[in-house]
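**Q** The listed protein sequences derive, respectively, from chains B and R.
For the first sequence, numbering that gives the first Met the number 0 gives the first residue as 0, with consecutive numbering after it.
For the second sequence, numbering that gives the first Met the number 0 gives the first residue as 0, with consecutive numbering after it.
Don't read these hints as lab results, they were simulated from the structure.
Please note that a few of the clues may not be correct.
[Unchecked claim] Sample of chain R residues at the chain B side, in silico, Cβ under 8 Å:
1. Leu-97
2. Val-113
3. Ser-169
4. Val-177
5. Ala-187
6. Val-236
7. Gly-263
8. Leu-296
9. Gly-370
10. Ser-371
11. Leu-375
12. Leu-400
13. Gln-407
14. Phe-408
The structure displayed is predicted, hence computed values, not measured ones.
No residue lacks a Cβ here, since even glycine has one placed at the ideal position from N, Cα and C.
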Amino acid sequence: MAGTKAAGTKPGTRAAALAGQMMAICGAANVITDPLELRTYECDGLTSHRATPALVVLPATAEEVAGVVRACAAADVPFVARGSGTGLSGGAVPHSEGVLIVLSRMRKVLEIDPVARRAVVEPGVTNLAVTEAARPFGLFYAPDPSSQVVCSIGGNVAENSGGAHCLKHGFTVNHVTALEVVTPAGEVTWLGDGTGVACGYDLLGGFIGSEGTLGIVTKIVVKLTPVPEAVHLVLAAYSSLEQGGRAVTDIIGAGIVPAAIEMMDALSIEAAEAAVHCNYPAGAGAVLIVELDGPAAEVEAELATVRSICARAGAQEIRAADDPVQRAAIWAGRKSAFAAVGRLSPAYIVQDGVVPRTALGDVLARISALSEEAGIRVANVFHAGDGNLHPLVLYNDAVPAEAEAAEVLSGAILDTCIAYGGSITGEHGVGVDKSRYMPKMFSAADLDTMQLVRCAFDPASLCNPGKVFPTPRLCGEVPGPRRAPHPIVAAGQAEIF
Amino acid sequence: MTATDLTVAGKALAGACPRVRAGTDADAVGGLVPAFVASPADTAEASALLRAAAGHDLAIVPRGSGSRLDWGPPPARCDLVVDMLRMDAVTEHAAGDLVARVQAGARMGAVAAVLASAGQEIALDVPAGATAGGVVASGLAGPRRLRYGSPRDLLIGITIVRADGTVAKSGGKVVKNVAGYDLGKLFAGSAGTLGLITEVTFRLHPLPAARRFVTAEFADPAAGCGAVAAAANSPLVPSAVELTRPVPGGPIRVGVLLEGSADGVAARAERMAELLRPGGPGAGEIAGSPPPWWPGLPDGGGGTLIRVSFWVSALGRVLEAVDAAAGETGLSPAAHGSAGAGVLYMGFPPEADGVASFVGALRRTLGRERGSVVVLTAPAPVRDALAACGGMAGRVPSLGLMRAVKDQFDPGHRLAPGRFPEVI
Chain B
0 MAGTKAAGTK
10 PGTRAAALAG
20 QMMAICGAAN
30 VITDPLELRT
40 YECDGLTSHR
50 ATPALVVLPA
60 TAEEVAGVVR
70 ACAAADVPFV
80 ARGSGTGLSG
90 GAVPHSEGVL
100 IVLSRMRKVL
110 EIDPVARRAV
120 VEPGVTNLAV
130 TEAARPFGLF
140 YAPDPSSQVV
150 CSIGGNVAEN
160 SGGAHCLKHG
170 FTVNHVTALE
180 VVTPAGEVTW
190 LGDGTGVACG
200 YDLLGGFIGS
210 EGTLGIVTKI
220 VVKLTPVPEA
230 VHLVLAAYSS
240 LEQGGRAVTD
250 IIGAGIVPAA
260 IEMMDALSIE
270 AAEAAVHCNY
280 PAGAGAVLIV
290 ELDGPAAEVE
300 AELATVRSIC
310 ARAGAQEIRA
320 ADDPVQRAAI
330 WAGRKSAFAA
340 VGRLSPAYIV
350 QDGVVPRTAL
360 GDVLARISAL
370 SEEAGIRVAN
380 VFHAGDGNLH
390 PLVLYNDAVP
400 AEAEAAEVLS
410 GAILDTCIAY
420 GGSITGEHGV
430 GVDKSRYMPK
440 MFSAADLDTM
450 QLVRCAFDPA
460 SLCNPGKVFP
470 TPRLCGEVPG
480 PRRAPHPIVA
490 AGQAEIF
Chain R
0 MTATDLTVAG
10 KALAGACPRV
20 RAGTDADAVG
30 GLVPAFVASP
40 ADTAEASALL
50 RAAAGHDLAI
60 VPRGSGSRLD
70 WGPPPARCDL
80 VVDMLRMDAV
90 TEHAAGDLVA
100 RVQAGARMGA
110 VAAVLASAGQ
120 EIALDVPAGA
130 TAGGVVASGL
140 AGPRRLRYGS
150 PRDLLIGITI
160 VRADGTVAKS
170 GGKVVKNVAG
180 YDLGKLFAGS
190 AGTLGLITEV
200 TFRLHPLPAA
210 RRFVTAEFAD
220 PAAGCGAVAA
230 AANSPLVPSA
240 VELTRPVPGG
250 PIRVGVLLEG
260 SADGVAARAE
270 RMAELLRPGG
280 PGAGEIAGSP
290 PPWWPGLPDG
300 GGGTLIRVSF
310 WVSALGRVLE
320 AVDAAAGETG
330 LSPAAHGSAG
340 AGVLYMGFPP
350 EADGVASFVG
360 ALRRTLGRER
370 GSVVVLTAPA
380 PVRDALAACG
390 GMAGRVPSLG
400 LMRAVKDQFD
410 PGHRLAPGRF
420 PEVI
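So that you can see chain R by itself, here it is in the shape it has in the complex (with noise of 0.2 Å):
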């Protein structure tokens, strides 16, 4: 864009939203500055705002804590960071019927106050910082997605802005609803290459008065993979199922997750350990507090992030493909996740060497099981090093609906364009 046309650009943002300024290094996404960013109030200004934007083929990114901004391929443009930190406010929570609307820029750690007050939370492991739209849009879910699911499970309504400007929600403030399409389950995950997210309508739950972790530790990797399954289909009902390998090949740490009632807790935790008992001495471990290896959602820590997602029988088959690519290539990462749920992760710092061909290696092994290896994010040459094994979605199924939905809501492919996942 020339400068006039910015400048022309400019002055119409402004007229949107009185919140706009010029876009500086710190705003850049995937080292891409911004001309501008914005920040509106509602989803008036919101809507304002991107049908000024629309007028003058401005690229958006929207942005809530920006944690997670540079998971994906970088956009090809940006031209307009949409920041959504003014519209922080939980607009309802009406205890009665379990549900808390709540607008896109809200933290989720004064959401979880606000909740908590009535014994009541969304039931997602996010950190307090995390923005509800930027949960909802990036779809990542922690251990207790074994048994609350993912964001896309605990959504009943959502309202969006177009890329022209549009306003539209679906769902609605109760639980049960099937009228009409539920866009907000094809809007969770969709890393805002779709639409700007600007107030989302959670199911909650009652806080748990109590919890336990109990813990046990395989040197047998079989043992470890029963260990975990007998956890996760037990009647139980654990609320996760974590698995840490720190070393290919080497010991597996199992813990689990049990939350209700005091008295209820302590009973299933003491069963839950005997179940956990490895066929020899040593039971599982019984704590209030969770081990230290517990993680939070997934991080990349500014290097690469491998999800492999599975099915849980085929655990033992996931971390042998994953000892034949570190023997194939010298890495030897970290294996940890919610197994119980089919999901493991594995990091590799931004030095490492070798990570596209550890991929490579799962994907190729992986192949003919049911599930995927996806890289979430890696440093630029690793990005341009997995070209030659699928990139970093690998094979995605139905790809061609994808592209049809992505153009039908973007026409001008100017919402987080080449973002997600690499080939929309």
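Extracted from the complex, chain B is given alone in its bound form (with noise of 0.2 Å):
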């Protein structure tokens, strides 16, 4: 039979051969073969998108990640690297040929030092455990994305992760100082020494944010914040999301930067209400959550005007809190709405959509419009500080016409958010999810010469593949016609006719 290919070829049975090789560097129980037990990581997250990898290691240290990625490269083996398997975009589904490289193993915060606001922590410790190996010390990790009792330091550095408190704080870009990491090619190497000043070009700030295709972390430096000598919290209730909006306009125009500004509309009130009993506001059509954290005295200052704000606003209710016990009542509520949705639907899209902060309200009543014309429900929880929203299209999955429905109404959203001149991500990452979207929010030339940057690192596009990019570029092949035989012919193992 002409064109036979040599058993050994096919990616998937390559990584597969790898098994004997992984086991070697990790330990044979810290490398999965059985079938059944590959499938239990075929997804992350993001639900709607599965493969099952063909090998699964779970290395315990930077040398052991490095060997398997060398191997994986001697065998153009493709691989993913996974932290908690919580991201929203589907940025840890395997490869179905290739292997994945799970971190959870590597979950030490190996040093502290509270005079430097510095902890070095592997990539497999939660979010949540460095602050409180860091609370000691009156200092803690501020981006605090809601999932932090479970997704990893590691996952945080590939997505950029933010979090409700990064209008004032920042991101994970401005939190990590120096990334040891293991290059594509199986080298273990610095990004950044931690001080915070870049020698060189910035290529740790490149990497933060590359959704694990330029390499895979093993070391993070982070800096630590001192915990803010006061915390207070608002919330308002509103009728209506546009005068929640006004309040939000003023607030910012008053020249303050809250901690964190949070928006509920009402089916997200209803939704958290039956599951946590937050006790919100009976019938408010929007709740409005302000945090100010700062010195006691400024704190004081800004939570006058705060107040006064949401007033003026037409708030039907004010409350206050100061205390942790109550402000995390507060909380509770709105760190329940993903979740508590579920409640309503029994299936839903998340999207993070951003929009600039002043368009906010055009850009909900056009959600509402859309929602109303396809007959699909539409839940709005939304940092409303910075414009990132988070809609919650509830579908009944059973139905195919309603997840197809369902589908067009988060695109028709996303489409919303670009024409407003916005993102289509604000915190889970493209991953799978929204690769074909990046051509309506970037050129094809803005899309290649972010590639340049994948081609330096990943030549071999063995990284992460496929994820991100809706069409990989190919590094350094000369187009044009061939000029030598295909490498397959020239083995021997096919004729071209």
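Please dock the two separately framed chains into a single complex, following the hints provided.
**A** Laid out in structure tokens, this is it:
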């Protein structure tokens, strides 16, 4: 039979053939080959995209990670890194013919330097665990995605995670000062040195948020922040999102940058109430949560201003809290929102668009119109301060037409965000979920230029391929007619007719 | 290049951009007089210009205000200086969104005036004459880096022109955005070696209503270093914690900047003064304006400027290393900078002897600490002498990756070649 490929040239088979090598590197107990067990890793927090990896390895050290990557590189086998698997864009969806490298065994806090306000941690450490390790020193780790109890720092680095407090406190990229990285070629190297001063190109800044496509993080040096002296929370209930939005505009206009400004609409309030009985004011069309933190003297002044602005905007009710228990109770409703809508609907799509804050009112009105047109409900939870929306598109997955309509509506919402000069993703990342929208936000030249960085780090395209960019860029291939025989022909395994 | 080559190249450039002229001595970069100086009016012209330059293998150096053109090693070639000053508009100021989009040649003083009219600012300590693109390309930061970071931390979008003329952008005009790779971070501090920056978008902060400076002097270095750390780590949230030590082994002066509301700042200043009390009589002094020694952006003054970066817990050891190097070489530079943010600078006049040895001694003593000793600018004889102890940049981690990135963006090595950090 002409054109038969020799056994072992199929990538999936090549990956499986590495099992022995991987066991030598990580120990047999830390290599998974059983098909049923492999399937447990088939998706991350985005359950709509699944792929079973050919092999799963769980290394314990940077050297083991490097060994695993070198083995993959030598065998031309793609690999994907996974932290806690809580990502919402499918960044850790495995390659079906590749190796999944799971970092959850690497979860030590290696060093804390409270005077320098730095901690060195392994990638599997959860976000909250970093804060808890820092707490005895009066410090905490500022970027706090809602999944912080579970999500890993390594994952945060990949996605440049933000959380509710990032308008004031910044993102992962503003709080990570060095990374030990295993490059796609399997070398261990440092990006940055922990000082926050870049020597040469800021590869550290370029790497953070690259969604696992430029290498695997094995140590993270984070910046720790002094615990604020005072924290105050204000909850204001309004009859409509528009009213709440006016309060937000006036707060920003008063020169205040709150630590967090969150808004929920009636549908999401209803869900949260059913789930955690947060006891938000009954009948509210919108609830605004404003958190202020900082030196006590500053927070007092800001609090008075925020309360008066909220009242002026027509609040039905205003509550304030400054002790941790009361504050947690108010936050509980907001933090439960995503999970809570599961009570309203068998299935939902959570979006992550961003629009300029001043366009929020118009965009929410547009989403409402789109929702009505499609006959699909949308619950809105959003970071009102930075324009990051999380529309929860609710549908019944037992009805195929509804699932499709929900997808179409989600797409229309993202199109709206782009039309208003925003972004397709504020914190969840592009992953597999939104790569098809990248050409709507960026030109071909933009995407090509970004991929120059990809080519510099990963010319062989083995590191989390197929994520972020819809069309991979060939690295260093000369376009035009082939000058040499095709490798498979040269190997005598096929003929060209 | 032959005279004919030059004529042909000149014609091509003029076809791309109406404002092209011959370079003069005043345009020299590192002693190299460029054949051409071009002033594009917008990104489209800049793109055509670079495409034309690519067609004639011209080496390019971008120029804003030119204030830091002599930093780093001089370029190996310089055929075309791209003068960005015609691109000086504030393209968009969305006050309600805390965002400003600015052309690369805009002067930061003019930008600040526009933003201030809405009670906002780009929270960087930069001279009024600096250009937005230059600020990003140089990556320099002043005292308020402690609270706000350096230019890369405030950059949310960028438009660049590649060596082949391709226009590309990343980021956008919303503060929260993780779509795609962040080219802005990569271009910050790249000194013109990866591409031409034509537009930048910054996130803004409200202009503080009031500010106070709290200063104290310490004879005992340990007390001084302790005060720096205590201030920088305080929940009073200082915007800057600066140090100056005019003489090695001599007294240390610490200055803390607090910004915020009038009442809030007054109350915090009292408490900061208490915090800085050097354990004896004389608390910190509070003032509404900076002390005379308060720095702006680091400046070379025609001589050598060294930057030491370190973890704040190592400040004492850094000052001891400076003392030791001073003893070895007989030089006694003042040490000054954002010690609370882990940065100190030392300057030497052009005629100083033994500067390279000083750098070598520092690098040896601080070899085990995390951080770096980098020579930001130096006269030619000092640069030559530095070759024996690690050059201007010293040990650069991931140099191979940096070279790979450079090769992707500028395969022909025509963008400020040899410039940065001396080995790219």
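**Q** Enumerate the violated hints, using their earlier numbering and listing them in ascending order.
**A** 2, 8, 11
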